[in-house]
Amino acid sequence: MPLTTKEIYWYWLTSCPGVGIGSVFAAADAGFSLEQLFYEPELLDNSAFRFTPDMRKNLKERANISRLLEEIEMHERKGIRICTAISPEYPQMLKDLWRPPATLYMKGRLTQFTEKSIAMVGSRHVSRKGAAAAKEFAGQLAESGITVVSGMARGIDTQSHWGALDAGGQTIAVLGCGVDVIYPQENADLYAAICDNGAIISEYLPGTEPKAQHFPLRNRIIAGLSQGTVLGEAGLRSGANITVNYACDYNRDVFVLHRGDGDGNFETVHKLLTMGAFEVTNAHEILDYYGWNAEKTAKFERKPAAEKPSGLDFFQEGIYNLLLKGDYSMQQMIELLHQPASKVSTALTMMELRGVVERLPGNQFGLKL
Amino acid sequence: MLASVYSGGLNGLEGYAVHIEVDCAAGLPYWEIVGLPDAAVKESKERVRAALRNSGFEYPSGRIIVNMAPADMRKEGPIYDLAIAVGVLKVSGQLEAGAYSEALFFGELALNGEVRPLNGILPMVIDAKERGAQCVFLPMQNAQEASYIEGIRIVPVSDLKQLAAILSGTEQPQVVTPETFRSLQVQEGMADFKYIKGQAQAKRAMEIAVAGNHNILLIGAPGAGKTMLARAIPSIMPDLSFEEALEITKIHSVAGELHGKAIVTTRPFRSPHHSASAPALIGGSAKARPGEVSLAHGGVLFLDELPEFKRETLEALRQPLEDGVVSVARVNAKVEYPADFMLAASMNPCPCGYYGDPERQCRCTPHQISRYLARISSPLLDRIDLHLEVSRPTYQELGSRAEEESSEQVKKRVDAARKIQLERYAGKGIFSNSQLKGNLLMQYCALQPSAQALLKNAFEVMQLSARAHNRILMVARTIADLEGCEQIDEAHLAEAIQYRTLDRKYWGA
Numbered sequence: 002m003p004l005t006t007k008e009i010y011w012y013w014l015t016s017c018p019g020v021g022i023g024s025v026f027a028a029a030d031a032g033f034s035l036e037q038l039f040y041e042p043e044l045l046d047n048s049a050f051r052f053t054p055d056m057r058k059n060l061k062e063r064a065n066i067s068r069l070l071e072e073i074e075m076h077e078r079k080g081i082r083i084c085t086a087i088s089p090e091y092p093q094m095l096k097d098l099w100r101p102p103a104t105l106y107m108k109g110r111l112t113q114f115t116e117k118s119i120a121m122v123g124s125r126h127v128s129r130k131g132a133a134a135a136k137e138f139a140g141q142l143a144e145s146g147i148t149v150v151s152g153m154a155r156g157i158d159t160q161s162h163w164g165a166l167d168a169g170g171q172t173i174a175v176l177g178c179g180v181d182v183i184y185p186q187e188n189a190d191l192y193a194a195i196c197d198n199g200a201i202i203s204e205y206l207p208g209t210e211p212k213a214q215h216f217p218l219r220n221r222i223i224a225g226l227s228q229g230t231v232l233g234e235a236g237l238r239s240g241a242n243i244t245v246n247y248a249c250d251y252n253r254d255v256f257v258l259h260r261g262d263g264d265g266n267f268e269t270v271h272k273l274l275t276m277g278a279f280e281v282t283n284a285h286e287i288l289d290y291y292g293w294n295a296e297k298t299a300k301f302e303r304k305p306a307a308e309k310p311s312g313l314d315f316f317q318e319g320i321y322n323l324l325l326k327g328d329y330s331m332q333q334m335i336e337l338l339h340q341p342a343s344k345v346s347t348a349l350t351m352m353e354l355r356g357v358v359e360r361l362p363g364n365q366f367g368l369k370l
Numbered sequence: 025m026l027a028s029v030y031s032g033g034l035n036g037l038e039g040y041a042v043h044i045e046v047d048c049a050a051g052l053p054y055w056e057i058v059g060l061p062d063a064a065v066k067e068s069k070e071r072v073r074a075a076l077r078n079s080g081f082e083y084p085s086g087r088i089i090v091n092m093a094p095a096d097m098r099k100e101g102p103i104y105d106l107a108i109a110v111g112v113l114k115v116s117g118q119l120e121a122g123a124y125s126e127a128l129f130f131g132e133l134a135l136n137g138e139v140r141p142l143n144g145i146l147p148m149v150i151d152a153k154e155r156g157a158q159c160v161f162l163p164m165q166n167a168q169e170a171s172y173i174e175g176i177r178i179v180p181v182s183d184l185k186q187l188a189a190i191l192s193g194t195e196q197p198q199v200v201t202p203e204t205f206r207s208l209q210v211q212e213g214m215a216d217f218k219y220i221k222g223q224a225q226a227k228r229a230m231e232i233a234v235a236g237n238h239n240i241l242l243i244g245a246p247g248a249g250k251t252m253l254a255r256a257i258p259s260i261m262p263d264l265s266f267e268e269a270l271e272i273t274k275i276h277s278v279a280g281e282l283h284g285k286a287i288v289t290t291r292p293f294r295s296p297h298h299s300a301s302a303p304a305l306i307g308g309s310a311k312a313r314p315g316e317v318s319l320a321h322g323g324v325l326f327l328d329e330l331p332e333f334k335r336e337t338l339e340a341l342r343q344p345l346e347d348g349v350v351s352v353a354r355v356n357a358k359v360e361y362p363a364d365f366m367l368a369a370s371m372n373p374c375p376c377g378y379y380g381d382p383e384r385q386c387r388c389t390p391h392q393i394s395r396y397l398a399r400i401s402s403p404l405l406d407r408i409d410l411h412l413e414v415s416r417p418t419y420q421e422l423g424s425r426a427e428e429e430s431s432e433q434v435k436k437r438v439d440a441a442r443k444i445q446l447e448r449y450a451g452k453g454i455f456s457n458s459q460l461k462g463n464l465l466m467q468y469c470a471l472q473p474s475a476q477a478l479l480k481n482a483f484e485v486m487q488l489s490a491r492a493h494n495r496i497l498m499v500a501r502t503i504a505d506l507e508g509c510e511q512i513d514e515a516h517l518a519e520a521i522q523y524r525t526l527d528r529k530y531w532g533a
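Just so you know, the sequences run in chain order A and B. Once you know that position 36 of the first sequence is 37 in the numbering used here, the rest is easy, because the numbers rise by one and skip nothing. Once you know that position 437 of the second sequence is 461 in the numbering used here, the rest is easy, because the numbers rise by one and skip nothing.
Take the hints with a grain of salt, since some may be wrong.
Within a straight-line C-alpha distance of at most 20 Å, the following computed DMTMM-like cross-link-like pairs (lysine to aspartate or glutamate) qualify [stated by the list, open to error]:
{"id": "1", "chain 1": "A", "residue 1": "K344", "chain 2": "B", "residue 2": "E514"}
{"id": "2", "chain 1": "B", "residue 1": "K480", "chain 2": "A", "residue 2": "E359"}
{"id": "3", "chain 1": "B", "residue 1": "K66", "chain 2": "B", "residue 2": "D151"}
{"id": "4", "chain 1": "B", "residue 1": "K480", "chain 2": "A", "residue 2": "E353"}
{"id": "5", "chain 1": "B", "residue 1": "K221", "chain 2": "A", "residue 2": "E359"}
{"id": "6", "chain 1": "A", "residue 1": "K344", "chain 2": "B", "residue 2": "E428"}
{"id": "7", "chain 1": "B", "residue 1": "K358", "chain 2": "B", "residue 2": "D96"}
{"id": "8", "chain 1": "B", "residue 1": "K227", "chain 2": "A", "residue 2": "E336"}
{"id": "9", "chain 1": "A", "residue 1": "K326", "chain 2": "A", "residue 2": "E286"}
{"id": "10", "chain 1": "A", "residue 1": "K130", "chain 2": "A", "residue 2": "E336"}
{"id": "11", "chain 1": "A", "residue 1": "K344", "chain 2": "B", "residue 2": "E510"}
Only part of the chain B face toward chain A is listed, based on derived beta-carbon distances under 10 Å [what the hints assert, rightly or not]:
{"id": "12", "residue": "S116"}
{"id": "13", "residue": "Q118"}
{"id": "14", "residue": "L119"}
{"id": "15", "residue": "G122"}
{"id": "16", "residue": "A123"}
{"id": "17", "residue": "Y219"}
{"id": "18", "residue": "A226"}
{"id": "19", "residue": "K227"}
{"id": "20", "residue": "P382"}
{"id": "21", "residue": "R387"}
{"id": "22", "residue": "T389"}
{"id": "23", "residue": "Y419"}
{"id": "24", "residue": "L422"}
{"id": "25", "residue": "I503"}
{"id": "26", "residue": "I521"}
Just so you know, the hints here were simulated from the structure itself, not pulled from any lab data. Every value quoted in this text rests on a predicted model; they were computed, and no experiment measured them. For every residue, glycine included, the Cβ atom is placed at its ideal position computed from N, Cα and C.
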C-alpha cells in the first residue's frame with residue numbers, strides 16, 4: 002500500500018536521525034501541522050523544537066517531495082516497508098506506550114501483528130541447558146500460535162527465534178540497527194529465515210550501524226510488542242533486565258522460565274522470583290494465564306527425562322551414569338572411571354555416534370539434550 | 025719461495041678441500057690474499073702477523089701472496105688463520121713440515137698465538153676423511169667434537185708454538201682416541217612423562233604421534249600445560265643411532281649451537297618464538313645458516329602460539345614438512361639442509377584463550393574465533409594428523425600422589441610400534457604411518473565392512489570435513505600398531521576420530 006501524503010510528511014520528519022515522536026508532539030503543541038513544516042522549513046528554527054543544526058540541515062535538505070519519494074522507493078526495492086505511527090498497520094500494542102517509536106522499518110513476510118505475542122529475552126552468554134530450554138519453550142509458544150518476539154542477539158534471543166521457526170511458527174526480531182544490517186554476523190542464516198517466516202523490525206533508519214546506546218531503546222519495543230516477557234537464563238548485568246523493566250513500566254506481565262537443573266547464571270531469574278514473577282515450565286501456563294486457546298493441538302509435554310538408551314555396554318553405561326550428573330572433560334572421566342585414555346576415547350566416540358553424548362568445546366562431554 | 029698447505033671449507037653441510045699456497049718474493053713489504061676471501065679471511069693478515077711475532081717467530085719481509093684454491097669458491101670465516109700461519113712459517117724457512125706435509129689445518133688465531141675454536145668442525149673433518157685425508161690439526165676446544173670420527177688422525181693444538189713443535193718433531197702429538205657413541209635419550213633432569221600429573225589423554229595422543237611420526241597440534245587455554253607436554257616429546261622418541269647423531273651434530277656444529285658438547289646425544293627440541301622470521305625458521309641470511317627447522321632435524325620443532333606466527337613464515341614450513349629437507353638460496357648458490365622433524369604446535373582455542381573453559385567465560389565473538397582459526401592455512405593443517413584439546417588440570421590432579429607412567433615405559437611401546445612399521449614398509453620407500461599415501465594407504469589401512477560403516481556414520485553424525493578421512497585412517501593405523509594388531513578395527517577408528525577436533529563443526533560455529 003503506497004504511503005499517503007500525511008505519512009510521507011511523517012516519514013520526512015521522523016527519519017531524520019535524532020528526531021523522535023517527541024518532535025511530532027512538539028510540533029502539535031506549537032500549533033504547526035507537519036505539512037506546514039514541510040513547506041515552510043524555516044519554521045524548524047522555532048525554539049519549540051530542540052533540533053541541532055545538523056538535524057535542521059538534514060530536514061531542510063530533504064524537504065522535497067520528489068527526493069522523499071526516491072528515498073521511499075529505494076527502501077522498497079530492498080524489501081523494506083515503512084510503517085509510521087499513523088499508518089493503519091502500526092502495531093496497536095505499541096500505540097499504548099508512552100512515546101512509542103515514531104516510525105518503524107520492517108522486513109519479512111509477517112505484516113499483521115497479533116496481540117498474542119510473547120517476548121523471550123535472556124543472556125547472550127548462555128549455558129547449554131539454558132539455551133536448550135529457551136529453544137524448547139519458544140517452540141511450544143510458536144506451536145500454540147503465539148508470536149515469539151526477541152532481539153536476534155546471541156544466546157537466548159537466537160535460540161528463541163530458532164525454536165519458533167523450527168516449530169513452524171512466527172517470530173519477530175527487533176533490531177538495534179537498520180533492518181538491512183545483519184548483526185551479529187553469524188546470524189545471517191537466522192536473519193534470512195526470519196525474513197521468510199516472520200518480521201524484522203527496527204526504529205532505526207536502514208543502514209544504521211549497531212551502537213551500544215541503541216539496544217536498551219530497542220528493548221522497549223520488544224517489551225511493548227508483547228503481552229508478556231519471558232526471561233530465560235540471565236545474569237544481573239544482562240540487558241534482559243532492561244526489557245523486563247520496560248515490561249513492568251508498560252504494565253505487561255513478566256514470567257521467568259523454570260531453571261531446571263541448568264548450571265548457568267540465573268541471578269536475574271532468582272531476583273525476579275523473589276519479586277513475585279510468575280514461573281513457567283511450559284507454554285500451557287502462558288495460554289492458561291491469558292485464557293488463549295491453542296490454535297493447533299499442541300502436544301508439547303516436556304520431553305521425558307531422557308531414558309537410558311539401550312544397547313550400551315557396561316563401560317559405556319558407566320560413562321552415561323557419570324554424565325547424568327553433569328558435563329565432564331575427558332580428563333576428568335579418565336580419572337573418575339580409572340580407565341586408560343584410549344578406552345574412554347573409544348567409548349565416547351561410539352556413544353557420540355549413537356547420539357547419546359555430545360562433544361562440547363573445551364574437550365567437554367555431556368549428554369545430548 | 026713457495027709453500028703449500030691444506031685446509032677445507034663448508035658449503036652448507038658439504039665440505040670441500042681448500043689448497044692454500046703462500047708465495048714470498050723479494051721486494052717492499054706487501055701482503056695480498058686472493059681466491060675470493062671474505063672480510064674475516066682478509067683480516068687474518070693482522071692476526072697471523074701478530075700471532076707469529078708473539079710466539080717468537082719472525083714475520084718475513086717481502087711480497088707475500090696467499091692464494092686459496094679453488095679460486096671460484098667463496099672462502100668464509102676465520103678457519104684459515106692456522107693454515108696461513110703454517111704456510112708463512114714454511115715459506116720463510118722457519119719450519120719443515122716433513123711428515124705432516126699432507127695434513128689439514130683448521131683454526132683461528134689469537135694475537136698471542138693461541139688457537140681458538142671454530143664452528144662447523146665436525147662436517148669439515150668428516151668431509152676431509154672422506155676425501156682420504158690422514159691427519160688434521162684443529163683447535164684444542166674442538167677436539168671432543170671431532171673425537172667420534174674414526175679413521176683419521178686428529179691432532180688438537182692449543183697454540184702456535186705447540187704446533188710448530190709437533191710439526192718439527194720435537195713434541196709428540198696427543199692424538200684424540202675415537203670414542204664410542206651412546207645415546208642418552210632419557211636423561212636425568214629432562215622433561216619426563218612421570219613428572220606430568222594427569223593429562224592422560226594428552227599423553228596418549230603424544231604416544232600415538234611419536235609412534236607413527238605424526239605431527240600434533242595442542243589446543244588449550246593458557247596454563248593448560250601445552251608447552252610442558254610438548255617438551256616431554258623427545259623423551260619418548262626412539263634412541264638416536266650414531267649416524268643420526270652425527271648428522272644432527274653436523275648441523276648444530278655449522279650453526280655454532282653445540283655449546284661445547286662433543287656430539288648431540290639427545291633429540292633436539294627447538295621452540296622458536298612466534299616473532300621469528302621466515303629466514304630464521306627455514307635458514308638463510310647472508311651466511312646461509314641452518315634455520316630452526318634444520319636444528320630440529322631428528323627431533324621436535326615446537327611452535328607455541330601457532331596462529332601468532334606470520335603467515336609467510338608458516339607457509340615456508342610446507343616444503344620441509346613435505347620433503348624433510350630445506351633448500352636455502354644464497355646469492356650465488358643453493359644449500360640444502362636436512363629438516364626432518366616432528367612438528368608439535370600449540371594454540372589457544374580463541375583469541376582470549378578461554379573458549380570452552382568450564383570456569384572462565386570466553387569473551388570472544390564467534391566471528392573472532394573463526395577469524396583466529398582461519399589464520400592457520402588448511403595446507404598446513406593438512407600436515408597435522410592429530411589435534412588435541414588440552415584442559416587445564418584441576419588442583420586435585422596437580423596434587424595427586426598417584427604414580428605416573430615414566431617416559432621410559434611409554435618409549436618401549438613406541439619402539440615396538442616403530443619396529444612394526446619399519447618391517448612393514450621395508451623396501452616401500454617410507455618408514456612410518458605418517459608417510460602413507462595413495463595406494464599404500466589403501467593397502468595398509470583397508471577396513472572391514474563394520475569399520476567402514478562406523479567411519480561413514482562418523483562423517484555424517486559429526487560433520488567431519490573431507491580432509492579428516494585419510495588422517496583418521498593413518499592415526500588408526502598407528503593405534504593398531506601400538507596394540508600390535510594387523511587389522512584396524514572399530515575401536516582404533518573410534519579413538520582416532522577423537523583427535524580431529526578442528527575438523528568438527530561445533531568449533532566457532
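Tested hints:
A threshold of 20 Å between alpha carbons decides the hint, and for K344(A) with E514(B) the separation of about 12 Å falls inside it, so the pair holds. About 18 Å separates the Cα atoms of K480(B) and E359(A), which keeps this hinted pair within 20 Å; it holds. This hinted pair does not check out: K66(B) and D151(B) have alpha carbons roughly 25 Å apart, beyond 20 Å. This hinted pair checks out: K480(B) and E353(A) have alpha carbons roughly 14 Å apart, not beyond 20 Å.
At roughly 27 Å between alpha-carbon atoms, K221(B) and E359(A) are farther apart than 20 Å, so this suggested pair is violated. Among the hinted pairs, K344(A) with E428(B) is consistent with the structure: their alpha-carbon atoms are about 18 Å apart, no more than 20 Å. Taking the CA atoms of K358(B) and D96(B), the gap is near 15 Å; set against the 20 Å cutoff, the hint holds. The suggested pairing of K227(B) with E336(A) holds, with an alpha-carbon distance near 14 Å, which does not exceed 20 Å.
Our distance criterion of 20 Å between C-alpha atoms is broken by K326(A) and E286(A), whose separation comes to about 29 Å. In summary, the hint linking K130(A) to E336(A) is not supported, as the alpha carbons are separated by about 25 Å, beyond the 20 Å threshold. For the hint pairing K344(A) with E510(B), the CA-to-CA distance comes to about 19 Å; that is within 20 Å, so the pair holds. With a least beta-carbon distance of about 73 Å to chain A, the hint placing S116(B) at the interface is violated under the 10 Å criterion.
With its C-beta approaching chain A no nearer than about 72 Å, Q118(B) sits outside the 10 Å limit, and its interface hint is violated. Contact between L119(B) and chain A, as hinted, is not supported at the beta carbon level, the nearest pair being about 69 Å apart and thus beyond 10 Å. A cut of 10 Å between beta carbons decides the hint on G122(B): the least distance to chain A is about 69 Å, and the hint is violated. Taking 10 Å as the C-beta contact cut-off toward chain A, the hint placing A123(B) at the interface is violated, the least distance being around 65 Å.
For Y219(B), the interface hint is violated, the least distance from its beta-carbon to any beta-carbon of chain A being 17 Å, above 10 Å. Taken as an interface hint, A226(B) checks out: its beta carbon lies about 8 Å from the nearest beta carbon of chain A, inside 10 Å. Checking K227(B) against chain A by beta carbon gives a least distance of about 7 Å; that is within 10 Å, so the hint holds. With a least beta-carbon distance of about 7 Å to chain A, the hint placing P382(B) at the interface is held under the 10 Å criterion.
For R387(B), the shortest C-beta to C-beta distance to chain A is roughly 9 Å, which falls under 10 Å, so the interface hint holds. Taken as an interface hint, T389(B) checks out: its beta carbon lies about 6 Å from the nearest beta carbon of chain A, inside 10 Å. At a threshold of 10 Å, the smallest CB-CB gap from Y419(B) to chain A is about 13 Å, leaving the interface hint violated. For L422(B), the interface hint is violated, the least distance from its beta-carbon to any beta-carbon of chain A being 12 Å, above 10 Å.
Because the beta carbon of I503(B) sits about 7 Å from the nearest beta carbon in chain A, less than 10 Å, this interface hint is met. Restraint check, I521(B) versus chain A: the minimum CB separation of about 5 Å is within 10 Å; hint holds.
Comparing the model with each numbered hint stated earlier shows that hints 3, 5, 9, 10, 12, 13, 14, 15, 16, 17, 23, 24 do not hold.
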